[in-house]
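Novice: As given, the protein sequences belong to chains A and B, one line each in that order.
Taken in order, the first sequence gives residues 36 to 364; the numbers are from this note's numbering.
Taken in order, the second sequence gives residues 36 to 364; the numbers are from this note's numbering.
Hints are computed from structural coordinates only; laboratory data are not their basis.
Hints may contain errors.
Because identical chains share one entry, a pair is satisfied inside a single copy or across any pair of copies.
Claimed, not checked - With a straight-line cut-off of 30 Å between C-alpha atoms, the simulated BS3-like cross-links for lysine-lysine are:
hint, residue 1, residue 2
1, Lys150, Lys180
2, Lys50, Lys150
3, Lys190, Lys50
4, Lys323, Lys180
5, Lys352, Lys323
6, Lys352, Lys190
It should be emphasised that the depicted structure is a prediction, and the values quoted were computed from it without experimental measurement.
There are 2 protein chains.
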Amino acid sequence: MAAVDAAGEFETIRKLFAPLAHPDHAWGLTDDVAVMPTRPGADLVLTKDAIVEGVHFLPGDPLDTVAQKLLRVNLSDLAAKGAEPFGYLLACHWSPRCGWPEREAFAAGLAADQKEFGIHLLGGDTVLTPGPASFSATMLGWAPKGGSVTRGGAKPGHGIYVTGMIGDGWLGLQAAKGHLHLEQERIAALAEHYRRPVPHLAFGQAVQGLVTAIMDVSDGLIADLGHIASASGVAASVQLELLPRSAAATAWFDSRTDPEVALVTLATGGDDYELLLTAAPSDEPALKREADRQLLRLTRVGTISAGRGVTASYLGKPVDIRKPGWTHD
Amino acid sequence: MAAVDAAGEFETIRKLFAPLAHPDHAWGLTDDVAVMPTRPGADLVLTKDAIVEGVHFLPGDPLDTVAQKLLRVNLSDLAAKGAEPFGYLLACHWSPRCGWPEREAFAAGLAADQKEFGIHLLGGDTVLTPGPASFSATMLGWAPKGGSVTRGGAKPGHGIYVTGMIGDGWLGLQAAKGHLHLEQERIAALAEHYRRPVPHLAFGQAVQGLVTAIMDVSDGLIADLGHIASASGVAASVQLELLPRSAAATAWFDSRTDPEVALVTLATGGDDYELLLTAAPSDEPALKREADRQLLRLTRVGTISAGRGVTASYLGKPVDIRKPGWTHD
């Protein structure tokens, strides 16, 4: 594209992004494209997520964590497909607040996560916008040919499971906004979870043969379970009392007057980036063993049945799910 | 990602984008990822460009042409690598002005160019931004293994060539802004060129074995030639009187008082999306034959020599190139 950022576009690419480029396939970002060989016996897995300042991240968030969140929400999608991440293309829509130090911080966040997840920058674009900053990444990975599980295989009788904790993403957003009244240490832990979610790549790779549907929790457990129910043509019921809660979430939960409302809030909050999956009862022991092996919590939160849609209960009583997805309030 | 566009995100995806999805690899956009087999004997070619309202397209531009421009600037990058386009991922950062009719128009533009270029939508994301709209696409294509030419092979004595016309991109922007005083028909032709550039895919595929460096002209002929000179470690000189000009550009040129300034303006304007290439003198006849066969104009505009940087001349006299790239003025 045309040079729109005379003061910084080429400098940004040459000094900050070129060192992050894939050593073999991106020519130090001196070209507009990346050309790379494919992997025999593997499928190419592709995903692209965008994040906007003031919507998906806060104006005050440090740009290194914004870069990491951008990569991680995309890596989380690859995790659900059991893919091994390879590299990414990046579009930076810099706002006026993104000066050189902010761009340096952004690149430092990319560098840290490239090392953490074994990926490289393959190309992209940087442009200026007078509006809020936004970023998108296209993440590429490789999965064993024909081995990735979709959202469409859940069947009546299958269990519904989640990794990790549910609700820390939403609580983390509240913490980052200064809206939570908890101990400083808990605030910090929640905000960290919101800013730098952990994609469960190894677990996703290990369980593709055991699950019947799998995706990551980004819109909220209830909304995302709705996607699985819809794609599979089944109904899903969640027992809210089973939701796995972190120590910080439990501290917050204990301060609420209505436990049902609190649990629905956690189940619809979104931004958790845990894996949500269904499996036949006979595969539960193997799933649990794999989770134990990886020191990852795996919790059964409900059951698939014949029908349509998602329902929730608390201690055996039906609960009205008023908030079907995260609306960034 | 989280649902940020309660009124329209899922509707937009389901009603407007799902019909555009690749029939085999994108699951009707019900998943966050695309999983696709690779092509034996082919390299994967990837590029990602972003465009911003008010910077790369005009606030008044119809959104169907904005969608087409987005695809075409990316296809133009693939053309330079001789790649056959396959599909793309899309991020729409909708602004408040992007209501349902605008989104319908955008999708109609995508549909038209999917048919034109044989590509499909593979995935992506749609988000809302309070700022101006912006869009990015990651375009994928296949090229014969090891067959793509970089920018780095130009050698002293090689000729410098461009397809089509130079300057119509910049003139088209002026036309679209209403800044040009020409006949209505010429205004319309130039604006069309600006809004819907034509990627030279077949020519790019045909000439990879004949060229020593190749790229598309997006920043402007002079600036892009600078990229080739830099990557190849050579100097490039352009004879401005040789620049191929359309009838509309000639009409504009004839109205200028200073021909040198006018030619530098055309050579630095950008947004042409013509192919810029270098070739050994012995390959010029074959290049010309291929261009003739494709009814495409191919013009030699200069020569590569030992040294560094880009110089220009007009009728034998050196010309100062004051404007090294398009600054969107």
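Novice: For each hint given before, does the structure comply? Return the numbers of the non-compliant ones in rising order.
Specialist: Of the numbered hints given earlier, the structure breaks none, since each of them holds.
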